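K.L.:
Order-wise, the sequence lines are chains A, B, C and D.
Going by numbering that gives the first Met the number 0, the first residue of the first sequence is number 0, and it counts up by one from there.
Going by numbering that gives the first Met the number 0, the first residue of the second sequence is number 0, and it counts up by one from there.
Going by numbering that gives the first Met the number 0, the first residue of the third sequence is number 0, and it counts up by one from there.
Going by numbering that gives the first Met the number 0, the first residue of the fourth sequence is number 0, and it counts up by one from there.
To be clear, the hints were calculated from the coordinates, so they are not data collected in a lab.
To give a feel for the contact side, a few chain C residues facing chain D, derived at Cβ under 7 Å:
| hint | residue |
| --- | --- |
| 1 | K13 |
| 2 | G15 |
| 3 | I16 |
| 4 | L17 |
| 5 | P19 |
Computed from a predicted model, the values in this text were never measured in an experiment.
Cβ coordinates follow ideal geometry from the N, Cα and C atoms, glycine included.
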Amino acid sequence: MRIGVTVFPGSNCDRDALYAIERMGEEPVELWHAEADLKGVDAVIVPGGFSYGDYLRPGAIARFANVMGPLEDFGREGGPILGVCNGFQVLCEAHLLPGALLQNRHMRFVCDRVRVRVETANTPWTAGFEGGEGLTLPVAHNEGNYFAAGETLARLEDEGRVVFRYLDNPNGSVNDIAGVCNEGRNVVGIMPHPERVSDPALGSDEGLKILRSVMVGAGV
Amino acid sequence: MPETLKIRVLVRPKEGILDPQGEAVRGALPALGFEGVRTVHIGRLIEMEVESADEVDAMCRRLLSNPTIEEYEWEVVS
Amino acid sequence: MPETLKIRVLVRPKEGILDPQGEAVRGALPALGFEGVRTVHIGRLIEMEVESADEVDAMCRRLLSNPTIEEYEWEVVS
Amino acid sequence: MGREPNYLELSLFSVMWSEHCGYKNSRPLLRRFPNEGSRVLQGPGENAGVVEVGDGWALAFKMESHNHPSAVEPYEGAATGVGGIIRDILAMGARPVALLDSLRFGPLDEERNRYLFREVVRGIGGYGNAVGVPTVGGEVEFSAAYSGNPLVNAMCVGLIRVEDLMRSRATGEGNAVVLLGSKTGRDGIHGATFASDELTEESESKRSNVQVGDPFAEKMLIECCLELLKRDLLVSLQDLGAAGITSSASEMAASGGVGIDIEVEKVPRRETGMEPWEVMISESQERMLAVVEPEKVDEALAVAERYGIGGTVVGRVAGHGDLRVIENSEVVGTVSADHLADAPIYEREVVRPAYLDEVQNFDPEEIPQPEDYNEVLLEMLSHPNLRSRRSIYNQYDHQVGTDTVVLPGADAAVMRIKGTKRGFAVTTDGRGRHCFLDPRGGGAATVAEAYRNLSCVGAEPVAVTDCLNFGSPEKPDGYYQLAECIEGMSEACEAFGTPVVSGNVSLFNETDRGPIYPTPTVGMVGVFEDVGRHATPGFKREGDMVVAIGAGTPVSLAGSEYLEIIHGRVLGRPPGPYLDAERETSDLVCRLIRDGIVDTAHDISGGGEVVAVAEMALAGGLGMEYVEGGFGRKVAGQGAGRADVALFGEEPGAFLVTVPWERWAGLQDALGGSVGYDQIGTVGGDSVKIPGYIDVTLSELREAYEQDLFGIPGEVVGGSEAVG
Ligand SMILES: Nc1ncnc2c1ncn2[C@@H]1O[C@H](COP(=O)(O)OP(=O)(O)O)[C@@H](O)[C@H]1O
Ligand SMILES: [Mg+2]
Chain A
0 MRIGVTVFPG SNCDRDALYA IERMGEEPVE LWHAEADLKG VDAVIVPGGF
50 SYGDYLRPGA IARFANVMGP LEDFGREGGP ILGVCNGFQV LCEAHLLPGA
100 LLQNRHMRFV CDRVRVRVET ANTPWTAGFE GGEGLTLPVA HNEGNYFAAG
150 ETLARLEDEG RVVFRYLDNP NGSVNDIAGV CNEGRNVVGI MPHPERVSDP
200 ALGSDEGLKI LRSVMVGAGV
Chain B
0 MPETLKIRVL VRPKEGILDP QGEAVRGALP ALGFEGVRTV HIGRLIEMEV
50 ESADEVDAMC RRLLSNPTIE EYEWEVVS
Chain C
0 MPETLKIRVL VRPKEGILDP QGEAVRGALP ALGFEGVRTV HIGRLIEMEV
50 ESADEVDAMC RRLLSNPTIE EYEWEVVS
Chain D
0 MGREPNYLEL SLFSVMWSEH CGYKNSRPLL RRFPNEGSRV LQGPGENAGV
50 VEVGDGWALA FKMESHNHPS AVEPYEGAAT GVGGIIRDIL AMGARPVALL
100 DSLRFGPLDE ERNRYLFREV VRGIGGYGNA VGVPTVGGEV EFSAAYSGNP
150 LVNAMCVGLI RVEDLMRSRA TGEGNAVVLL GSKTGRDGIH GATFASDELT
200 EESESKRSNV QVGDPFAEKM LIECCLELLK RDLLVSLQDL GAAGITSSAS
250 EMAASGGVGI DIEVEKVPRR ETGMEPWEVM ISESQERMLA VVEPEKVDEA
300 LAVAERYGIG GTVVGRVAGH GDLRVIENSE VVGTVSADHL ADAPIYEREV
350 VRPAYLDEVQ NFDPEEIPQP EDYNEVLLEM LSHPNLRSRR SIYNQYDHQV
400 GTDTVVLPGA DAAVMRIKGT KRGFAVTTDG RGRHCFLDPR GGGAATVAEA
450 YRNLSCVGAE PVAVTDCLNF GSPEKPDGYY QLAECIEGMS EACEAFGTPV
500 VSGNVSLFNE TDRGPIYPTP TVGMVGVFED VGRHATPGFK REGDMVVAIG
550 AGTPVSLAGS EYLEIIHGRV LGRPPGPYLD AERETSDLVC RLIRDGIVDT
600 AHDISGGGEV VAVAEMALAG GLGMEYVEGG FGRKVAGQGA GRADVALFGE
650 EPGAFLVTVP WERWAGLQDA LGGSVGYDQI GTVGGDSVKI PGYIDVTLSE
700 LREAYEQDLF GIPGEVVGGS EAVG
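The task is simple: from the sequences and hints, build the whole structure.
P.N.:
Written out as structure tokens, the structure reads:
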């Protein structure tokens, strides 16, 4: 399977995501922001970092990059996309996902490990789970406080589109939301970093299960 | 070179959106001896020199603010 | 309850101070399809409701701006 | 130079010969440091030191101070300190892979100190997190000696293939000098140093010379330079630090034995009306200077464009040995590059200060013994000098790059090298109070502490970088402290086989309250052949035996945390150094870990044995019970006598390790020899118990230890931090 990783100016978890894909035994493909080309990949990860320095608002500038045109088409056509951390912020800014990520309620950057529950197995990025499973995942962000307006939030909950929920909320997110998906369920945003726990040499590979799920959906 | 216009854009959190910075400032004021401040809200100030004002509104809507959580106003200053 | 005044404070980087945010936004604009923007500067907007304007200047100096690198202006809006 | 220098030339000399660039007070003393070793590929004199790891890999590392800028504007001062040290590593051609911060502040009950502390930590995180280099370790201490004069030392480690090492040596007459990165403004140009009639008082207050960091520009600069190196487009690379183009160009020229012409009008500027001398000494951040062969210039500039950063040819390598500044084809200044890089030197007499007799005169009998040891332990653990640093390092991204094997909170950070079994460990340590009480002993103890911290994660310590933070060397006390600390550090480095390969000096750290404690900080790097074989301090298994290992060196209250925190005294001459015994013990612990006998180890350091036990218990979430009579290390007879000395006293060179029963025999075989050891207790339960003295639950300990360092009740915010 070919999995693309977008690289914006200021992305800094791009190499970590590429490395995790390689460790899964799949083919990582770098997708440079200035090229409007997804190079025929089967799935895309929009990685974490500080695209354009997070200046103005996280994700606000990256959303206009050339690579985003084909990425939006890919998402609308049902292609699996996972936005991690800054990638989640980019996907919200691009309206591929609902809602927005506000500054952490305590106004500090938070780097920690938190307990998260997988709320639904019905997305390409959670297909390898039973719903309700717990995971411990690293977080590292300054704007991870998920917000969606009343009706949007109600719909997310009703339609089972809250994909991950914090068991210990590190940032003040509404309804403890750590990740959501779009209506088509193929685009998922998650604040914690699965790629940081995809190697037993670093103590845990719990995150690999998220990345590998996309292969379940693809019948690999 | 064409003349330029000075534009001022104000972006603020929509009503009801969490504004922890504003909260923190308001909370800190009494300890500094500043009484009588009822509310504080913190937003963004963007000042630009542009060749034409035609696209300013589109820029505000699409880039400078996020309509899900923010509102904006802009004016030509000079 | 006493009447309140609405105050608007604008805080921006002092002259000569690097404004990385403004630079990055200006640099990115042409690629986003926005032409003709010469300069962009980004600062903070602070809006307050206060009972009296007497202490606003002191608040700007001591809390709302960082005088080492920022300058401010303020006005009563209503 | 045979004629009167003009204004531009004078300003070049003035900045280059400042202490910061010229080391005029410290250079003769620095020669004392040993700097050779079998793994050393690059010693002092380059942008960073470099040591060999194995499998073709090398580590470049250096530490630098940003004390003064951080005192003026803490957020940006700390941020630009991080940015600056990253560029030093980048200049060696290495990818920056780890950051550490060594910090000192005045006590947190003063508002200004809290403000400085909070903003410095925010600044380090703000820059390091965005630039994508993990901040994996550091240290912080609070003492009145640093009120108003915080210390902000940042260290960076970079990873590089041995064959790719870059040096800042300009060669090849006619080669292009290329300026990469941000535009040049008036950053860091001090109106005070250069009285200029253009600047009125009013314009002075309206403008600012403070440098602001742009981590986004730095991130792009890193990726751009690494790409240029990968494509073999560079002859030489150099960062722009203090004194900007002047210092970089003259250093590159001097070390290559050539000259450089700078065409100053070509330097891209952020501001209008800049004079040539302003451009030449501007300290605008996020810039690098490269030497490129003429036929490779176009490709190099295209790479810069791909990364969205500036790339401009601003000069040439020339056959003459001068740094020439040219404006629109006219030479506006000429100075010999050698001359610029060769500041004059002052040597002074070393005279023992009178205060030492006073502070070293300490009689422990005057110190009353505690009535309630539980209370003392809790008070110590909650003191800002011993409390958990979690509220600091949780603001730093310590995992980006996915190489951090042991996260902050242990004795040293452990990093892997992808694609190999190898790894490295890194720690920063400083002992200001000890250096104040006994400069030579404290200097040695600083190095020994770093050596212990690496040993107890299982790394083989290999080399040192340092930052010498001192008061004025123009005062006899200050000069004595500097000279003696260097002597002590050098003796320890020799005894431990850890040469000094890079470093930095920050003098004149004084306020109207007096000088800081003499505070040399050390960054030490160690290597692993198999990074999987490492240890951490947290207790891991119920039933493990807890074993104290020591060199038989004395335990003492002199200069201890206990004496300061509980009794409010900074007195006494801490014992040691006992360099050979300390090395033997440390090496032994390292070997136990490498051989797979021990996976849990911690050194006994600030706060003494019980604080070390509490830290191990909290880190592992498991309690410990002492064996009857096990308290106070019996190791070679130490700790006999007063219980508070045994429990809270400090000593050089002791460790706690744990082993399961089945490895006890293996441990005993390995220990033997001259190093003493004792089983002091067993891991288990949910409290720390020392019969007759201590019985505290983990949750009580945690409550004391895990308090937020920034959450002082009733605190007042100042400046812009609440808003910015
Ligand atoms: N300023 C800091 N920045 C990052 N990490 C820190 C900082 N201060 C302390 N730490 C972390 O906490 C650990 C313990 O600190 P400290 O008690 O000073 O260690 P030790 O006594 O072993 O030298 C350090 O190794 C580091 O991982
Ligand atoms: Mg230690």
